[in-house]
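Novice: Residue numbers (this note's numbering), protein chains in the order written: chain A, 1 to 200; chain B, 1001 to 1099.
Treat the hints loosely; a few may be bogus.
Stated by the list, open to error - The calculated lysine-lysine pairs, modelled on DSS-like cross-linking and capped at a C-alpha distance of 27 Å, are: (1) B:Lys1063 / A:Lys22; (2) B:Lys1036 / B:Lys1063; (3) B:Lys1036 / A:Lys14; (4) B:Lys1036 / A:Lys22; (5) A:Lys4 / B:Lys1010.
Derived from the structure by calculation, the hints contain no laboratory data.
Next come the chains, spelled out residue by residue.
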Amino acid sequence: MENKEALNTLNDIKEMMERSSKFKAISGLSIVIIGVLASLVSAYIYSFMGDYHINTPDKWRTTAIIAIALLVVAFATVFAMSYLRAKRLNLRFTFDATMRRLLFNFFIPMVAGGLLCIALLTQHHYGLVSSITLIFYGLALINCSHFSYHELRYLGFAELVLGLIDCFMVDYALLTWFLGFGLLHIVFGILFMIKYERSK
Amino acid sequence: MIANLDGLNKAFESKIRLGIMSVLMANESVDFTTMKSLLELTDGNLASHARSLEDLGYIRCEKRFVGRKPNTSYAITDLGRAAFSAHIQALASFVNSQQ
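Work out the full structure, taking the sequences as your base and the hints as a guide.
Specialist: Structure follows, in C-alpha cells:
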C-alpha cells in the first residue's frame, strides 16, 4: 500500500464520519440577509419609538408582534436558501436523523426561552426580555453546533455574552437586539461565506 | 520499500465496508435507507457487505417494524469499535513512518 493511499483512506473515513453525523448545508448568504433584515427592522422600530428603551405595554405588544414575524421570516429564509444551496452543490438536504437532531437541539433552548419571554411579558416584567432572547438564542446555537458547522458555537458565545451584558443595562433593548440579531449575523455570515462559500 | 503493514484489518479493505464502519463510528445507529443514500449503494450491495461485517461480530443488525413497514438499522459493537480503531491506528502509524 502506498503512503498516499493510506492517507486517502484516512481522509475518506474522516469525511464519512463528518458527513453522516453533521448537517452541512447551511447557506452563509442567508445568515447575512437575516442580519440585514433584523437591522432594518430594529431601525424601523426605533424610528417610531424614538428610544432604545421599550417601556410600555403598548410598545412591547407592537415590538413582540414584529419580532415574532421577523423570526418566522428569518427561519424561512435560512431554510429556503440552504435548500437551494444544497440543490446547487448537490449536498444532502433530507429530513433525516442529521437534520432532525440539528433542529431538535436548536429548538429546545429556543422554545424554553420563548415561553419564558411570554410569561415575563404577560406579567409585565419587561426589563430582562431582550437579554433572555439573546441568551437563549446563543444557547440554542451552541447546543446545535455539535450537529452542524462547529463555528456556529462562536456566534452562540457572542450572542450569549451580549445577552448577559444586556442584563445589566435594561435601557438598551433595541440597541442590543440590533447588535445581536443584526450586526453579529452580518459579520458571522460574511466570515462564514469567506470560509465555506468562496468559489475555488 | 518494505513497509510495516501490521495491524491492517482485511475486513476493512473494501471501500464499502470501510464506509459502513465510518458511518457507524460516528452515529449511535443508522437505518438501512440512510446508510444506502450516504454511501450511494444499491440494496443488495449494502445488505451483503453489512452481512459480512455482522458475521464478524463488528456490527449489530436490528430489524423491527415501524407501523407495518420493516425497518433495519445498524449499530457498531464494542468488538467492531476496537477493530476499526486498531485499523485507523495502523493506517496512521503507517503514514507517519513514511514521513
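Novice: Taking the hints in turn, state whether each one holds.
Specialist: Going down the list of hints, with the structure as the test:
Note on B:Lys1063 and A:Lys22: the hinted pairing holds, with a Cα-Cα distance of about 25 Å set against a maximum of 27 Å. A threshold of 27 Å between alpha carbons decides the hint, and for B:Lys1036 with B:Lys1063 the separation of about 16 Å falls inside it, so the pair holds. For the hint linking B:Lys1036 to A:Lys14, the alpha-carbon distance of about 18 Å falls within 27 Å, and the restraint holds. Among the hinted pairs, B:Lys1036 with A:Lys22 is consistent with the structure: their alpha-carbon atoms are about 17 Å apart, no more than 27 Å.
Straight-line distance between C-alpha atoms of A:Lys4 and B:Lys1010 comes to about 19 Å, which keeps the hinted pair within the 27 Å bound.
The structure shown violates none of the earlier numbered hints.
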